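Chains as they are written, first to last, in the numbering used here: chain P, 1 to 511; chain G, 1 to 164.
Quick caveat, the hints were computed from the structure, so don't treat them as lab data.
Warning: the hint list may mix true and false statements.
To be verified - Once the Cα atoms are required to be at most 30 Å apart in a straight line, the calculated DSBU-like pairs of lysine-lysine come out as:
id, chain 1, residue 1, chain 2, residue 2
1, P, Lys-177, G, Lys-158
2, G, Lys-56, G, Lys-138
3, P, Lys-83, P, Lys-348
4, P, Lys-174, G, Lys-138
5, G, Lys-158, P, Lys-348
Because the structure is a prediction, the values reported are computed rather than measured.
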Amino acid sequence: MLVLVAVLGANRAAAGHQIDTPPPSPLDCTRKPLQEFFDDAATIAWGLPFILMLGGVGLWFTIRLGFPQFRRFGHAVQIGRGKYDEEDDPGEVTHFQALCAALSATVGVGNIGGVATAIWWGGPGAAIWMALFGVFGMVTKFASCTLALRYRVVDGEGHMLGGPMESLTRGLGKNFKWLAVLFAVCAVISSFGGGNMVQANEMAAAFVDEFGAGMPAALTEEFELFGDQRTNVLRVILGLGLAMAVGLVIIGGIKRIGQVAGVLVPVMAVLYVGGAATIILINIDRVPEMLADMVTMAFGGDVGKKVAGGAVGMTFLQALTWGARRAVFSNEAGLGSAPIAHAAAKTKEPIREGLVAMLGPFIDTVVICMMTALVISLTGVWEDPKFAENGAVLTKEAFAVGLPEGWGWVGRLTVAIGLILFAISTAISWSYYGDRCVTFLFGLRAVTPYRIVYVFFLFLGANISGGIVWKFADVANAAMAFWHIVGLLGMSSVVVTLYRDYFSRDQRPTR
Amino acid sequence: MGFACLLSLVFPVAGLVVMLVLSPEEGFDPDTGYLGWFIAGGVAQGVAALMFLRPKPSGWRSGWFLLWVASVAYMGAYADVWLQHKPVAQKIVDFGRAGDLEAVARLMVQESGFNLLEWTFAVLFVTAFFTIAAFVTKEARAVYGLEDRDVEDPLAFKAHYGIQ
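Assemble the whole structure, with the sequences as input and the hints as a guide.
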């Protein structure tokens, strides 16, 4: 991460006089140079090298294991449904609860705003690449979660401690513990950024945007919090409420997180997917044609649609780049975060939890993102240049336009509530990721202080625009994958050995 | 391991070919920023391949370190191109908002060129990075006499849980 910042600094110094900079927008005038620096660092860290790296890992494991995302999908569903659950298995939560805890962290703003941004830039064809990257991401997640289960340990309080930090230490050997430490440090930083303050801010913004207009002026009138940060009473109340709610959940550890996620994730899915499915059903006669157009556009074909704010036709690379980027951003396969939640699952067989984890990118990217993409494409709102780079607003508009006249408010409300729930659930699960990494780094004594700081940051996130801090956390978030992937590929033979051994034995349901 | 070494030599050369083919066609002048980073990365990756040919711990350590250097350099080249790409992408957004389709179409040619360059450096980065991972495997380290004795047997858990 520091290297990236140094590289970017050197490049900016060199490129500063070479770029034919366009006239600055009013937004640019107010930006501080350091803010812009970290904006660029975050975008580059989540850029093409990162995407290709994660896509390549998925492809590698897919080929090495013989397409397990297709051949073992049915078995994975059966395990997720609890057919292989055994009461006396070691662990803290069921396969389903572990999946929900991990899903609640990944299903988020990326599924709403991220898909829209990809389509605005890459056309509807980007959605096809998004789904394809989701399919490869399934195997990456399978491999990383299998390793997390294989190398998990029990901490001093009897809780499971697993994830890339343990896999890297115990699977690669103590000479590579520095990779594990770097991963854990990056994960803790990320937990305060993308997993915490950003989510709190998104939640507050979505609430104020949807319901603020009807509230008394005393609640929405802004006042200065500190420095140039401004907030209002409504945001203070929302921040306090969120901090208390999340605090009550995370104090109960993974068991309570699993229970809450086990309720929240299905509710989110029914609400959001139900809304999207309704719009798709209303336009069902146009779906086959739209899907055909999407496939054509994915490979650079011109179907006479506008893209990137007006250009007719599009390039193959543009569709691929944006589709892949948003898939990785959304399902987080290869980042190493989800294995921390899956490591708490009750099972003796690492492969079983790996297979359940494989369903995560399928639900997140192949189902939810694809449905969002269909809604946006069918309604045609993505061709409107005014939605440039404002993904969440574009999706909201698509949900409003897609429903019959007079029902648009239901669509907007669905997206707003979806954003709020997605943000809350993500904040809950990320606390667990940070909690486990803090335990790995400093021991159990650091957990309570971490949780207190985490909850305080939630309150802060709802009320301030984090700017540099958030972007720094974004870079840390991407950096997690770099350390994780070295270990994941380095231990690929371990995954293959476990996989072959598991399927060489007779696997019969216990229920 | 020989295959990984070969790839480490082939990919930088292929990257150079792409850059030479692309530059005149897309109206790109080889920029000293990304070219410098690219040369640094290519040299580091090439020397790393040669280091790995020595089956000794020092060969592994030197080669592995140089691969990290190559990865950073390729990331530097990518970052340089991205910084040049950014204002063009912003112009596309601005012209798109203003409804100037002709200007957008003209810029899309340049956009494609930047995309191709970014892909080139991204692929080079991934090659170097995956080679780093390839040399971390237990099997690869054994060739250089660097086995870790504290690494657990992957199937040891079966005996612990009584799985047959």
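Okay, the hints, checked on the actual structure:
1. This hinted pair checks out: Lys-177 of chain P and Lys-158 of chain G have alpha carbons roughly 25 Å apart, not beyond 30 Å.
2. Of the pairs offered as hints, the one joining Lys-56 of chain G and Lys-138 of chain G holds, with about 15 Å between alpha carbons and a cut-off of 30 Å not exceeded.
3. Restraint check: the Cα-Cα separation between Lys-83 of chain P and Lys-348 of chain P comes to about 14 Å, which is no more than 30 Å; the hinted pair holds.
4. Simply put, Lys-174 of chain P and Lys-138 of chain G have alpha-carbon atoms about 13 Å apart, close enough for the 30 Å limit, and the pair holds.
5. At most 30 Å may separate the alpha-carbon atoms for a hinted pair to count; Lys-158 of chain G and Lys-348 of chain P meet this at roughly 8 Å.
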